[in-house]
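Top line first, the protein sequences correspond to chains A, B, C and D.
Heads up: the first sequence begins at 1 in the numbering used here, then just goes up one per residue.
Heads up: the second sequence begins at 1 in the numbering used here, then just goes up one per residue.
Heads up: the third sequence begins at 1 in the numbering used here, then just goes up one per residue.
Heads up: the fourth sequence begins at 1 in the numbering used here, then just goes up one per residue.
Simulated from the structure, these hints should not be mistaken for lab results.
All of these numbers come straight from a predicted model, not from anything done at the bench.
Ideal Cβ placement from N, Cα and C applies to all residues, glycine included.
Some hints could be false.
As the list claims (entries may be wrong) - The list that follows gives simulated cross-link-like pairs (lysine-lysine, BS3-like), each with its CA atoms no further than 30 Å apart: (1) K115(A) to K22(D); (2) K293(D) to K115(B); (3) K118(A) to K109(D); (4) K191(D) to K9(C); (5) K139(A) to K235(A); (6) K40(C) to K254(C); (7) K293(D) to K191(C); (8) K211(B) to K154(B); (9) K40(D) to K56(D); (10) K254(C) to K183(B); (11) K121(A) to K293(D).
Stated by the list, open to error - Partial list, computed: chain C residues near chain B (C-beta under 8 Å): (12) P17; (13) S52; (14) G71; (15) D112; (16) I130; (17) R132.
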Amino acid sequence: MDYNDMELMICLASRYLEDDSIVVVGTGAPCAAAMLAQKLYSPRLMIMFEAGGIGPMLPSMPISVGDSRTFYRALAASSMPEIMETCQRGLVDYTFLGGAQIDQYGNINSTMIGKDYKAPKVRLPGSGGANDLGSLCWKTMMITPQDQRRFTEKIDFVTTPGYLTGPGAREEAGLPPGSGPYKVITNLCVIGFDDQTKRMKVESMHPGITKEKIVENTGFELLWAENVTVSDAPKEDELNILRNEVDPYRYIIGRG
Amino acid sequence: MDYNDMELMICLASRYLEDDSIVVVGTGAPCAAAMLAQKLYSPRLMIMFEAGGIGPMLPSMPISVGDSRTFYRALAASSMPEIMETCQRGLVDYTFLGGAQIDQYGNINSTMIGKDYKAPKVRLPGSGGANDLGSLCWKTMMITPQDQRRFTEKIDFVTTPGYLTGPGAREEAGLPPGSGPYKVITNLCVIGFDDQTKRMKVESMHPGITKEKIVENTGFELLWAENVTVSDAPKEDELNILRNEVDPYRYIIGRG
Amino acid sequence: MAEFTKLLKEKNVTYRPGGCGKIYTDPDADRARLYFRDQKPRKMVEKTTTVSEAVKKLINDGDYIGVGGFGANRIPTAVLHEMVRQGKKNLGLAGHTATHDFQILVAGKCIDRCDIAYVVGLEARGLSKIARTAIESGVIDTTEWTNAALTWRYKAAAMGLSFMPVRCMLGTDTQKYSAAMEMECPFTGIKYLAVPALYPDVGIIHVHRADVYGNCQIDGIMVADSDLARAAKRLIITTERLVPNLVIRREPTKTVIPYYLVDAVIEVPFGSYPGNMAYEYFSDEDHLRDWLKAENDPEDLAAFLQRNIYGVKDFNGYLDQIGGMARLQELRYQENMVEK
Amino acid sequence: MAEFTKLLKEKNVTYRPGGCGKIYTDPDADRARLYFRDQKPRKMVEKTTTVSEAVKKLINDGDYIGVGGFGANRIPTAVLHEMVRQGKKNLGLAGHTATHDFQILVAGKCIDRCDIAYVVGLEARGLSKIARTAIESGVIDTTEWTNAALTWRYKAAAMGLSFMPVRCMLGTDTQKYSAAMEMECPFTGIKYLAVPALYPDVGIIHVHRADVYGNCQIDGIMVADSDLARAAKRLIITTERLVPNLVIRREPTKTVIPYYLVDAVIEVPFGSYPGNMAYEYFSDEDHLRDWLKAENDPEDLAAFLQRNIYGVKDFNGYLDQIGGMARLQELRYQENMVEK
């Protein structure tokens with residue numbers, strides 16, 4: 001069965017959200033992955049939105065993390081401080097982030113392109129809650145297309161902390177011990193982080209993708225797992241549910 | 001018209017609560033005074049209770065500052081932090097406190113009698129919210145019988161701050177500038193506080209009460225206003241409303 | 001604009017102990033995070049059990065307890081009585097206006113330490129003799145706080161912090177016998193007391209409605225229960241009514257305690273008796289007066305406790321003992337101001 | 001027990017600037033107290049007025065503004081349009097997910113500084129060209145924060161404090177361009193950033209129901225509005241419906257904004273349009289798309305603004321312009337998932 005990059009990334013991401021865990025997601029691909037996981041793998045996955053929605057019966061893809069779908073028949077319609085404090089208290093297992101640039105330690109830039117903060121070449125959406133979620137949730141996942149521009153040695157602005165400068169740096173900065181980047185899911189491969197060096201380590205390559213292709217689309221040196229496997233391609237039931245139930249209007253997968 | 005000490009103190013206290021102000025009260029005499037003020041002088045007096053009740057239509061005297069009467073048809077049924085934070089933010093004009101001992105600076109003891117904290121002669125109810133209200137509300141009023149035992153040079157325990165050791169002491173301690181004791185209403189007189197020394201200053205003596213009587217019932221030296229007046233005795237309408245509407249079962253005025 | 005940016009400057013400051021009291025619980029936010037990560041139930045599964053099971057499994061001797069409600073209003077009486085029946089020992093307690101709840105636990109000799117703001121009085125009802133004696137005799141070790149200080153200590157924990165700056169207690173003996181630290185604002189230099197976050201081992205809260213997973217809604221004032229529920233490491237909920245999950249989902253704005261904070265939920269009708277439950281029943285002032293009176297004579301008290309706690313199997317047995325539905329209906333009339 | 005009491009010890013510490021950003025508002029809690037004492041209306045009197053009067057009287061050029069809701073959800077559009085019509089200038093803005101609200105004020109050239117967390121994007125809808133340009137060109141001065149940092153800055157103010165310790169932003173460029181201070185916990189030594197309390201000059205919030213005095217209730221998520229309402233020096237409320245005071249008193253548990261926080265209240269049906277209003281109407285995605293498209297050409301934008309803002313007398317004129325009740329009813333069907 002055929003699929004595009006976006007469908008591929010969403011299907012793979014959905015498999016990492018274990019049942020009975022709590023995830024805070026934004027709109028777009030992360031929300032699609034969470035909805036797919038809930039329908040297929042983790043029926044009791046607990047979805048939260050940063051504006052206050054807790055455990056909704058999502059009738060469709062929200063357009064905003066604060067629109068009424070995010071608390072439709074929810075367990076609770078709370079507040080932004082409530083969600084952020086739940087993260088700070090250590091109750092949120094996963095979050096999902098995107099960004100314009102990412103480095104080998106999983107630091108993310110979603111603020112600006114350019115060298116001068118006061119005169120950015122391009123101003124991006126900004127942190128919003130990304131820095132908070134990446135600082136306070138236990139495991140941060142990223143969904144992003146992979147290329148030299150995005151996967152770069154030095155990002156222009158560290159909006160959201162990955163492992164910062166390496167082992168111990170998060171703790172040194174005062175960030176909660178034990179938190180940090182977990183997986184990066186791209187259109188080429190699934191990347192984890194090496195326990196010792198906290199650097200990106202390729203775990204599986206997507207069907208038909210070569211090591212060379214991954215290397216030439218990465219602006220820094222990647223580590224490679226002992227035995228790099230081939231990612232399981234999106235399954236028929238994953239694609240059917242994603243296309244027919246999660247994103248029927250192709251808001252997200254249409255971009256793939 | 002005849003009246004007892006408690007009725008006298010409640011009637012006098014009620015006259016100090018101006019309309020369109022906010023007061024946090026406890027149960028007992030303070031609540032009775034606020035209810036009387038609302039019915040007679042200050043229909044829009046805004047009554048709050050520390051457990052969360054805001055602007056109730058009090059059907060009767062509450063037994064507890066947290067019972068359901070304190071938010072009966074209220075404007076809001078909030079929380080203890082909400083009330084305390086409203087005080088800390090500077091929105092509450094008046095509070096009413098009692099206590100076992102009080103000194104010339106209006107410091108109040110409601111914690112213990114005795115010299116050793118670890119082995120008190122008598123353990124009293126304690127601060128509850130008294131210290132918070134006396135620290136954070138703008139004007140603190142006290143209703144208390146007056147005698148040598150209660151009005152003493154050195155109180156055993158400073159539960160709630162008056163002017164502490166005198167001018168500037170509250171600010172020095174870090175308490176919000178401009179807050180502090182306002183009036184003390186006893187069974188003998190109405191006492192204010194001297195601007196310069198922050199010490200108690202008698203403003204009016206109740207009908208039939210002599211200066212000598214007040215002096216011999218006070219354990220420290222009182223200041224006296226330029227022209228000490230005679231307090232207006234409780235008026236007939238005050239007593240009627242107090243007895244028939246505010247405290248028909250004489251819970252409070254029965255103790256007078 | 002510049003005026004305020006000037007506030008951003010390096011300062012050397014000294015943190016000083018503001019009191020000689022004890023810190024009975026660990027304020028460390030990182031250790032709390034690990035506990036919440038590893039021990040808090042994420043599974044939205046049925047958590048209904050019995051009061052005796054919940055007390056057996058979730059409350060250990062030596063634990064530090066936070067009780068919801070306000071003294072004799074919306075208190076989890078069934079759990080408190082069961083703690084006495086099971087003879088729980090050496091418990092710590094957060095005493096922000098703990099009145100009848102404190103009285104019950106003192107009668108059962110369950111407590112040996114207390115963060116104290118208001119515990120020996122029953123407000124307008126008078127003072128508890130046994131509560132006073134327990135503190136005057138030193139049987140219960142105490143550290144002084146205020147109602148605001150304790151509610152803000154809960155809030156610090158609920159926010160995932162290890163402290164909260166506050167403006168109460170300053171300059172008093174209340175501060176002197178507290179366990180606060182003196183500090184100042186990094187921007188304005190305003191003096192504050194830092195109070196340590198309070199993460200109780202167990203929180204016990206009575207609510208109006210909950211589903212079997214522990215999603216809870218409370219009508220009327222919250223007192224400090226929203227923060228207590230978030231601060232507590234383990235949380236026991238008793239509820240007037242268990243309702244279908246869809247009743248909760250119908251009004252999600254009303255949900256104050258989501259299921260993932262809850263370890264056990266038990267339906268206990270009239271569960272706040274003899275306390276007041278807003279919109280349900282008023283407090284039983286006669287019963288509370290009888291209890292206070294019984295405290296004047298050890299034998300009377302022993303008989304009273306035998307009759308109402310030790311001698312009954314469970315909370316329903318207590319309700320039968322105090323006059324059953326006939327009495328409870330009177331209290332409902334009082335609450336709803338129905339003239340009879 | 002001792003283990004934690006040991007945390008009470010004297011420490012010399014250094015507060016260090018954690019960023020090079022600006023503090024646009026006064027975090028001083030004492031000055032805020034005096035303002036609230038002297039300026040906040042205690043009188044429970046009718047505060048109904050018109051949007052244009054409220055904007056004229058309560059919003060001055062140079063003021064710092066906090067807008068309720070979340071981007072294009074429950075936003076006070078009528079007030080924002082009127083600010084543009086009246087040509088308010090040099091305003092500061094708290095930008096925790098300000099999307100369409102930011103877009104409107106930028107189109108009106110009202111803003112010259114912004115505490116920024118998320119402002120140039122409209123979430124899934126794409127980016128606002130004029131918002132980007134305003135920041136890239138330096139027309140708007142910015143200081144970096146995050147959504148949590150800004151909501152906690154409101155909370156510090158709402159609590160009557162001058163700062164709040166937080167655990168976000170640490171170690172990043174977001175911190176480096178913020179105006180936070182580095183500090184540590186007086187008990188545990190945990191590193192925190194202290195963020196300055198944010199007391200906006202004016203708060204603007206759209207609610208579901210309010211009475212003429214300003215007692216307000218909101219259905220669904222609060223976002224940061226409970227804290228914003230308490231932090232703001234002046235507060236303008238627009239409401240879908242004005243209701244009798246007794247409707248508020250019937251469910252006091254639902255009241256999030258008591259009257260004494262409010263300076264003006266105006267009934268504005270469909271007041272969040274083109275934003276979403278939970279349980280009332282969904283966002284008008286076509287209209288938001290048209291606006292974004294118009295931004296690609298200055299003339300198109302000028303025409304679009306003329307048509308929808310400058311060329312109409314008031315918000316009802318705007319609603320007529322976009323298709324009136326026929327269109328609004330479609331959005332209500334969408335919100336309530338009524339198939340048509």
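Each hint tested on the structure:
no.: 1; hint: K115(A) to K22(D); in the structure: holds, 20 Å
no.: 2; hint: K293(D) to K115(B); in the structure: violated, 78 Å
no.: 3; hint: K118(A) to K109(D); in the structure: holds, 19 Å
no.: 4; hint: K191(D) to K9(C); in the structure: holds, 18 Å
no.: 5; hint: K139(A) to K235(A); in the structure: holds, 25 Å
no.: 6; hint: K40(C) to K254(C); in the structure: holds, 22 Å
no.: 7; hint: K293(D) to K191(C); in the structure: violated, 52 Å
no.: 8; hint: K211(B) to K154(B); in the structure: holds, 22 Å
no.: 9; hint: K40(D) to K56(D); in the structure: holds, 18 Å
no.: 10; hint: K254(C) to K183(B); in the structure: violated, 41 Å
no.: 11; hint: K121(A) to K293(D); in the structure: holds, 22 Å
no.: 12; hint: P17; in the structure: violated, 15 Å
no.: 13; hint: S52; in the structure: violated, 28 Å
no.: 14; hint: G71; in the structure: holds, 6 Å
no.: 15; hint: D112; in the structure: violated, 14 Å
no.: 16; hint: I130; in the structure: violated, 12 Å
no.: 17; hint: R132; in the structure: holds, 5 Å
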